[in-house]
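Undergrad: Chains as they are written, first to last, in my numbering: chain V, 1 to 147; chain Y, 148 to 261.
If you are wondering where the hints come from, they were derived from the structure by calculation, not from laboratory data. Note that the coordinates shown come from a computational prediction; the quantities given were computed from them, not determined experimentally. Careful: at least some of the hints might be erroneous.
To be verified - Derived coverage of chain Y by chain V (criterion: at least 3 residues anywhere in the stretch with Cβ under 8 Å from a Cβ of chain V; other residues may be distant):
{"id": "1", "segment": "199 to 209"}
{"id": "2", "segment": "254 to 261"}
Claimed, not checked - Simulated crosslink set (DSS-like; lysine-lysine; CA at most 30 Å straight-line):
{"id": "3", "chain 1": "V", "residue 1": "Lys119", "chain 2": "Y", "residue 2": "Lys232"}
{"id": "4", "chain 1": "Y", "residue 1": "Lys235", "chain 2": "Y", "residue 2": "Lys151"}
{"id": "5", "chain 1": "V", "residue 1": "Lys119", "chain 2": "Y", "residue 2": "Lys235"}
{"id": "6", "chain 1": "Y", "residue 1": "Lys242", "chain 2": "Y", "residue 2": "Lys226"}
{"id": "7", "chain 1": "V", "residue 1": "Lys119", "chain 2": "Y", "residue 2": "Lys226"}
{"id": "8", "chain 1": "V", "residue 1": "Lys129", "chain 2": "Y", "residue 2": "Lys232"}
{"id": "9", "chain 1": "V", "residue 1": "Lys119", "chain 2": "Y", "residue 2": "Lys191"}
Stated by the list, open to error - Facing chain Y, from chain V, some residues (calculated, C-beta under 10 Å):
{"id": "10", "residue": "Leu20"}
{"id": "11", "residue": "Glu53"}
{"id": "12", "residue": "Ser77"}
{"id": "13", "residue": "Arg81"}
{"id": "14", "residue": "Phe93"}
{"id": "15", "residue": "Met95"}
{"id": "16", "residue": "Ser96"}
{"id": "17", "residue": "Val98"}
{"id": "18", "residue": "Leu102"}
{"id": "19", "residue": "Leu108"}
{"id": "20", "residue": "His110"}
{"id": "21", "residue": "Asp123"}
{"id": "22", "residue": "Val127"}
{"id": "23", "residue": "Leu143"}
For each residue, glycine too, the CB sits at the ideal point set by N, CA and C.
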Amino acid sequence: MPDNQTGETVRVDTLLESALESVDDAETAVLGVASEIGFNEDDLHRIGMAVREAMVNAVVHGNRYNARKKVKLQVLSGEDRLVVVIHDEGEGFDMSEVPDPLSDENLLRHSGRGLLLIKEFMDEAEVHKVQPRGTEVRMVKHLAKTS
Amino acid sequence: MSVKLSTRQVGDVTVIDASGRITLGEGASNFRDSIRDLAAKGNKKLLLNLGDVSYIDSSGIGELVSGFTTVTNSGGVLKLVGLNKRVKDLLQITKLYTVFEVFDDEALALRSFA
Chain V
1 MPDNQTGETV RVDTLLESAL ESVDDAETAV LGVASEIGFN EDDLHRIGMA VREAMVNAVV
61 HGNRYNARKK VKLQVLSGED RLVVVIHDEG EGFDMSEVPD PLSDENLLRH SGRGLLLIKE
121 FMDEAEVHKV QPRGTEVRMV KHLAKTS
Chain Y
148 MSVKLSTRQV GDVTVIDASG RITLGEGASN FRDSIRDLAA KGNKKLLLNL GDVSYIDSSG
208 IGELVSGFTT VTNSGGVLKL VGLNKRVKDL LQITKLYTVF EVFDDEALAL RSFA
């Protein structure tokens, strides 16, 4: 029974601790649903990587390991797609202020490639501030016809 | 499993054999410390063998870049060999193929230091 107007069913809706262990937990939860939908091994790898990057951003940069703050993970499944929403309780950030990791002057920066990988590995990725606080990353992966 | 590193000397080239995962946390910090240590000890020709590295995340990529910068700033050279397809893809996506010298074959990589 779909839970929303786009025909998706909520499969996971949980709060995770602001700890690196939660990165593994989120990946496991998402890949469980993605496997059931029927994504192939390469797509599972891409989805897992995108989820890990989003979770690291939430735990490290968003919640800054603050034990009083949680990361909300939602996983929804549709007939031919997976939707993952990761929401932290940090201060949020302005996407326009994120340096382009592909510009020559930034290539040797130590960090700043997470969002690039998320956008590369998922079919859709939106990042926005949430009121009263926090950042939400919404990622979608479509099941390829040949998968 | 986080990354495991061992080194061997082939002529004047120090080969670093890495295995496991280079990800945020222990894996990335082990990697960073090892490269810094080798550079501080005066190793100038370093070949990083990633043949048994199964997974690298953006933090791991950051450590590769830091390692490259550390070695270069100390007057040395760090090259890569044995990348699997997924790691190669990551270097393509992040445009780091334009930074690193990458080889498929160790013998060719070793000769390139001559």
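Undergrad: Hint by hint, note whether the structure agrees.
TA: Okay, the hints, checked on the actual structure:
Here's how the segment 199 to 209 of chain Y fares: 5 of its residues keep a CB closer than 8 Å to some CB of chain V, so the rule of at least three is met and the hint holds. Coverage of a stretch by a chain is defined here by at least three residues with a beta carbon nearer than 8 Å to that chain's beta carbons; for the segment 254 to 261 of chain Y and chain V the count is 0, and the condition is violated. Proposed proximity of Lys119 (chain V) and Lys232 (chain Y) is supported: the alpha carbons are some 19 Å apart, at most 30 Å. For the hint linking Lys235 (chain Y) to Lys151 (chain Y), the alpha-carbon distance of about 20 Å falls within 30 Å, and the restraint holds.
The straight-line distance between the Cα atoms of Lys119 (chain V) and Lys235 (chain Y) is roughly 18 Å, inside the 30 Å bound, and the hint therefore holds. For the given pair, Lys242 (chain Y) sits about 16 Å from Lys226 (chain Y) by alpha-carbon distance, which is consistent with the 30 Å threshold. The suggested pairing of Lys119 (chain V) with Lys226 (chain Y) holds, with an alpha-carbon distance near 28 Å, which does not exceed 30 Å. With a CA separation close to 35 Å, the supplied pair Lys129 (chain V) and Lys232 (chain Y) exceeds the 30 Å bound.
Of the pairs offered as hints, the one joining Lys119 (chain V) and Lys191 (chain Y) is violated, with about 37 Å between alpha carbons and a cut-off of 30 Å exceeded. Restraint check, Leu20 (chain V) versus chain Y: the minimum CB separation of about 5 Å is within 10 Å; hint holds. For Glu53 (chain V), the suggested interface contact is upheld, since its CB lies about 6 Å from the closest CB of chain Y, less than 10 Å. Given the 10 Å rule on beta carbons, the hint for Ser77 (chain V) is violated: about 25 Å separates it from the nearest Cβ of chain Y.
With 10 Å as the threshold, the beta carbon of Arg81 (chain V) stays out of range of chain Y, its nearest partner Cβ sitting at about 22 Å, so the hint is violated. The interface hint given for Phe93 (chain V) is violated, since its Cβ lies 16 Å from the closest Cβ of chain Y, which is over the 10 Å cut-off. The criterion of a C-beta within 10 Å of any C-beta in chain Y is not met by Met95 (chain V), whose closest approach is roughly 17 Å, and the hint is violated. Taking 10 Å as the C-beta cut-off, the interface hint given for Ser96 (chain V) is violated, the closest approach to chain Y being about 20 Å.
For Val98 (chain V), the interface hint is violated, since its Cβ never comes within 10 Å of a Cβ in chain Y; the closest pair sits about 13 Å apart. Contact between Leu102 (chain V) and chain Y, as hinted, is supported at the beta carbon level, the nearest pair being about 5 Å apart and thus within 10 Å. Evaluation of the Leu108 (chain V) hint against chain Y yields a held restraint, the C-beta minimum of about 6 Å falling below 10 Å. Taking 10 Å as the C-beta cut-off, the interface hint given for His110 (chain V) holds, the closest approach to chain Y being about 4 Å.
A distance limit of 10 Å between C-beta atoms decides the matter here; for Asp123 (chain V) the minimum to chain Y is near 15 Å, and the interface restraint is violated. Among the interface hints, the one on Val127 (chain V) is violated; its C-beta lies about 15 Å from the nearest C-beta in chain Y, farther than the 10 Å criterion. Violation of the interface hint for Leu143 (chain V) is found here, the shortest Cβ-Cβ separation to chain Y being roughly 20 Å, above the 10 Å cut-off.
Of the hints listed earlier, those the structure fails to meet are numbers 2, 8, 9, 12, 13, 14, 15, 16, 17, 21, 22, 23, in rising order.
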